[in-house]
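Student: These are the residues of each chain, in order.
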Amino acid sequence: MSEAALSAIPLAASDAELETPSRRALRRLLGRKGAVAGLVVITMFIVLALFAPLIAPYDPIATSWTLVRKPPSALHWFGTDDLGRDILARVIYGARASLLAGAISVGIALAIGVPLGLLSGYRGGWADALISRITDAMLACPFLILAIALAAFLGPSLGNAMIAIGISATPIFIRLTRGQVMSVKVEDYVEAARAVGNPPRRIALVHILPNIMPALLVQATLSIAAAIIAEAALSFLGLGQQPPSPSWGSMLNAAQRFLSNAPWMAIWPGLAIFLVVLSFNLVGDGLRDALDPRGR
Amino acid sequence: MLNFLARRIVQLIPTLFFVSILIFSLQQLLPGDPALVMAGEERDPAVIAQIRQQYHLDQPIPVQYVYWVKGVLSGDLGESLRIKVPVRELIAQKLPVTLQLASMAIVIAFLIGIPAGIVSAVKKGTAWDYGANIFALWGISTPNFWLGILLIFLFSIKLGWLPASGYVPPWENLRASLASTIMPAFVLGNAIAAILMRHTRSAMLHVLESDYVRTARAKGLSERSVILKHAMRNALTPVITLGALELGTLLSGAVLTEQIFSIPGFGKLVVDAVFNRDYAVVQGVVLVTATIYITLNLVADIAYILVNPRLRG
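Chains G and V are the protein sequences, given in the same order. One rule links them: number in the working numbering = place in the first sequence (from 1) + 31. One rule links them: number in the working numbering = place in the second sequence (from 1) + 13.
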């Protein structure tokens with residue numbers, strides 16, 4: 032047996048041992064074409080949102096009476112809207128409202144839902160009973176209807192829309208965290224952590240939380256997709272981003288009035304919502320498979 | 014069974030209590046003096062005082078809640094501030110329209126979602142499977158208001174086949190009624206078809222690997238009979254109950270779909286109420302939707318036990 036063959040075996044074995052669970056998940060995720068495509072599209076939209084002033088060809092709120100509802104051309108690739116504004120510029124700036132709404136509302140849902148779920152699942156008893164019944168009550172109201180009602184009462188603005196969507200998405204995270212905690216807390220290592228005298232708060236945060244992260248990550252990704260659709264829906268109804276600031280939902284609302292003579296107004300913002308939502312769904316599905324310990 | 018039912022219904026009481034708290038507290042979110050906000054354009058102090066008295070806004074919040082719940086329990090959901098019609102009547106008038114739309118949507122969803130799910134499970138890994146999965150992703154990711162606008166553009170403006178908006182009740186003219194609701198019903202059904210397809214696919218995959226399906230195949234039954242008679246029956250039970258729960262999604266979806274197709278249903282009622290700052294109507298609609306959802310959940314649970322003999326007893 033040659034020396035090379037001898038050394039190759041232990042090296043390969045130690046490589047496999049060195050791979051952390053998160054590394055393995057990342058490798059699996061990057062092995063899935065759909066998830067990679069989703070990541071590329073999301074990155075592209077994040078770049079568009081961050082550098083909108085550098086990328087957009089025109090000012091998104093500059094109106095022009097000589098350019099009302101012009102079809103796509105070399106000067107205005109996506110055409111212009113009913114006030115003569117460049118649609119490409121508005122789609123690029125619109126990415127800001129959508130991505131921000133997706134990230135912040137899911138952030139709100141996580142910030143409220145995870146601690147409540149941890150408390151409910153780990154403590155049990157009356158805290159669990161109370162939190163669970165409140166969760167049931169919130170889940171009984173359909174997501175979008177609850178978000179619309181909250182946004183209507185809070186008043187129309189992008190910030191309030193994010194709060195409304197975030198609160199409406201919270202019960203899913205409470206229930207998910209609670210279920211995960213219940214299944215993890217009976218594991219031996221949690222038992223061991225308790226046996227050596229760790230206080231409950233430390234066990235919940237240091238021993239349980241990291242182990243339920245994969246499930247939360249998958250749900251958060253899929254919830255961003257739902258939150259972006261919800262923000263577009265609220266903006267479509269006039270409850271989100273206020274004019275003249277561009278948002279994909281309100282652009283579609285304006286487009287509907289001019290559908291017969293300016294159909295391009297409806298194509299681009301809708302396509303942008305579709306692409307971003309599709310991408311988050313693809314990444315969410317990919318993450319679910321990549322983080323599944325049973326998969327290979 | 015009876016025991017289970019009793020426990021299930023007792024559990025509903027606290028849920029309903031918290032739903033009522035949730036919906037009541039919506040009005041606490043109104044910025045500033047609620048009486049002023051509810052009055053809207055109206056600046057007449059007498060009107061504002063009347064609103065304050067009518068909604069007991071001069072009382073402490075728990076007292077307001079008790080008044081509100083008493084009203085709700087006796088079927089009084091308040092009155093629309095704009096059109097001066099009891100909220101209950103408004104809802105009773107609009108709900109049937111949405112129910113027609115929702116039942117058509119459910120039929121469309123089952124007709125597309127279940128066959129697609131069965132085919133993709135049976136032909137796992139083939140082009141059929143990929144096609145069905147792409148359809149499901151598309152259905153989940155397309156905002157229904159965009160799909161609605163695109164359909165109006167294609168079928169109403171370009172082809173002129175279907176009306177772009179409006180609604181005809183089925184008892185007036187069935188054909189016209191179907192023509193006015195088929196596009197919105199498809200928009201609503203499409204998203205649910207995608208979800209049903211995914212559920213059906215995973216349930217079928219699970220069942221197809223089970224021992225009794227292997228036995229059926231080993232007995233020499235035709236593949237057709239194995240799939241349609243043996244596998245499908247077991248796989249579809251959970252899918253159908255899950256489908257019933259998608260009604261929440263349907264009612265949410267109806268809000269924007271009805272808005273786009275100008276269909277005077279439940280969803281349009283909420284949107285109009287939001288625009289008109291008609292808060293009692295918004296509360297009434299959320300309350301009714303939550304009640305429908307909770308009831309359906311209960312019915313789905315009972316149906317699940319009835320069709321699954323192992324859970325009886």
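By construction, these hints were calculated from the structure, which means they are not laboratory data. Hints should not be assumed to be uniformly reliable.
Only pairs whose alpha carbons sit at most 25 Å apart, straight line, appear in this in silico BS3-like list of lysine-lysine [what the hints assert, rightly or not]: (1) V:K232 - V:K242; (2) V:K97 - V:K171; (3) V:K242 - G:K101; (4) V:K83 - V:K232; (5) V:K136 - G:K64; (6) V:K232 - V:K97; (7) V:K242 - G:K64; (8) V:K242 - V:K171.
Student: Taking the numbered hints from earlier one at a time, note which ones the structure violates and give those numbers from smallest to largest.
Tutor: 2, 3, 4, 6, 7 and 8
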